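Asks: Knowing the structure of chain E, use the given hints to seat chain R on it.
Number of protein chains: 2
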Amino acid sequence: MDTEYETPLFFHVMEYAGNADTDVIDMVSGNPDWEPPAALREGLHEYADGDPDQFQYPPSEGLLELREEIAERRGVATEQVVITNGAGEANYLAMARALERDRGIEIILTEPVYPYYPGKTTMLGGTTNFVETAADGQLDPDDVCAAASDETAAIVVNSPNNPTGAVYPRETIRELVAIAEENDAILVSDEVYDHFDLAGRFASALGFDSDHRIVTNAFSKSLAITGFRVGYAIFPPELVENAKSRHMLVNVAGSRPSQYAVLHALRETGPDYYEQNRDLLRERVETFTDALDAAGAEYTTPQGAFYVMARFDGYPGTLENVERLIDETGVAGMPGEAFGDSRGEWLRFALVSPRVEEAAERLARYFE
Amino acid sequence: MDTEYETPLFFHVMEYAGNADTDVIDMVSGNPDWEPPAALREGLHEYADGDPDQFQYPPSEGLLELREEIAERRGVATEQVVITNGAGEANYLAMARALERDRGIEIILTEPVYPYYPGKTTMLGGTTNFVETAADGQLDPDDVCAAASDETAAIVVNSPNNPTGAVYPRETIRELVAIAEENDAILVSDEVYDHFDLAGRFASALGFDSDHRIVTNAFSKSLAITGFRVGYAIFPPELVENAKSRHMLVNVAGSRPSQYAVLHALRETGPDYYEQNRDLLRERVETFTDALDAAGAEYTTPQGAFYVMARFDGYPGTLENVERLIDETGVAGMPGEAFGDSRGEWLRFALVSPRVEEAAERLARYFE
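Going down the list, the sequences are from chains E and R.
For the first sequence, position 150 (counting from the first letter as 1) is numbered 150 according to the UniProt record's numbering, and the numbering increases by one without interruption.
For the second sequence, position 34 (counting from the first letter as 1) is numbered 34 according to the UniProt record's numbering, and the numbering increases by one without interruption.
Beta-carbon label-pair distances, calculated as ranges:
no.: 1; chain 1: E; residue 1: Asp23; chain 2: R; residue 2: Glu283; range: 56 to 64 Å
no.: 2; chain 1: E; residue 1: Glu171; chain 2: R; residue 2: Trp34; range: 55 to 63 Å
no.: 3; chain 1: R; residue 1: Asp150; chain 2: E; residue 2: Glu238; range: 36 to 44 Å
According to the in silico footprint, chain R covers these stretches of chain E (three or more CB under 8 Å from chain R):
no.: 4; stretch: 50–57
no.: 5; stretch: 240–253
Honestly, the hints are just simulated from the structure, not real lab data.
Just so it is clear, the structure is predicted and the values come from calculations on it, not from any experiment.
We put the CB at the ideal spot given by N, CA and C, even for glycine.
One chain only, chain E, in its complex shape (with noise of 0.2 Å):
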């Protein structure tokens, strides 16, 4: 095998529009552009004067504290959760332990889909399966039931969701984790966006028991810090000792300063925080589609996360379009296509730029 999976392309946009000559928006990532915690950065300067054998390696799973803060807010054993080098990490030892389990080399995949699942399916040797979503991106289980079979190593499901917006209903999560059961595969949810439910109707994998499920998240979003990479797994007993072996063989241990800063901020921040930025997040989505509703275009409202998808007749969701758009509008979005065939003809929109009504305007009159 010589490499054939393929790099996601958002920090190649995010690259093309750091270099653009004009006045870019930057709605391609899901950086958040607010601020963390107080107690984040307080946590980063206690970290950083403290003795020489704090700057030494965490334990391989990650400082002890954080892992039992993490355990005692999900309800589970703190043997059970693996720090990781963000949502990234958590989301790759999930599919490889689901993988290493030798029931099958084919992953379920929604449609559209977060391009790094597919990426990272490819280059554990596994083969991809996409069921696709609705219009509302909302995932029918009795599709994943039918796509499902011996072969199923894994179904990977990201709730609410990049890059639909959709949030699952219980019921869904339910007959998921049904589904990994009756085909011995391992359901993955990933539930990075937790924090920005903004309708009120998250479900978490964790709410049904079961061993084949892994539940992973990370602190990117939630604390407003994509760039500390501080994320966990949540593994059935039976499965996490091998994903400890792998995490450390791939990076050792996770970076203790970051580690430090977060274990801080959680135990200092109130819900206050998370509910002032999904205050926010609605603000954004309600003038950003009502400026996609002036402009005529179509999109979903969504119910979670940071993205609006949005389709403007005539102009198709390709790279070479997200280019003239950034060139011509200065205003920066990912191409639909990068999440898959079904959303060729859109465009998606992060929600992380205090200019997201300028930005609309700035398309409203482009394609006006």
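Replies: Chain R alone, transformed into the frame defined by chain E:
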């Protein structure tokens, strides 16, 4: 394949030592006990006060300024440098990249071996082929030449060496590069202890330009920050893109506070810092080996790195004996058997404690 790779014992022994009732002198890990440079702490404070956008994803391959700083110091193009989550990820990427070339699945390792290498090899689907080193830890290139074949994907070496303390002369490195070229394999040269070249004999594989060598390194040891997780790999131009893809698909990016602090420390720290730490280690080597002489133990005097391997008559280097030594003398080392059969009689002691003299005295008393 259900997982067969083994987890290195380091964390296990560290935990055992940490849980002991007695006062234990920790000579297990490769964790420096000396101060990081003052500029590292400054850098972290500076970062903690940065704008929110500084808290978001760095470029996947690492902060550009850090890659430039490394490229300039190492005399390579910036594009060849990938910042990794420590040397651990750097070696993982390098070995994966060698295997992906599809020129064989065998990885040649030296014996005694740093136990992460065989663990990574097995995890990546490769097979190991061990070449024994001499009593003083030196590697005979003729032995590597005899072991290498069409099946060889990579030759992984580590100089200054963990655990033997050997530093390979320039001629050895030159021949290893040539052997990699002749067999269409990749020399992976792990140079993480390059700043701890105690006898002034270190030669980097970067001194021999080749499309067949990857050099890995980290700031974990040189800046006394094993917990920060900042390392790097330098790839030949034609191998770097796929390595960046794997890095992105596994980790997305590395920790930005860590990278920022390391950049600041590199810029502001003069050669004195490194020289002081070498002096400290040279003193500890002398103190410890003097006491080993007094105890009648066999040992090798390290030319570099942090470790002394010692052999006490009738006390083989098993995990059981290491645990007994912790309980009965309060000195924690690593079992020689963790590094392969050839050093099954030996124990490894890391000189990362200010109590090296006391540790040696305890050992002398115990083995008298």
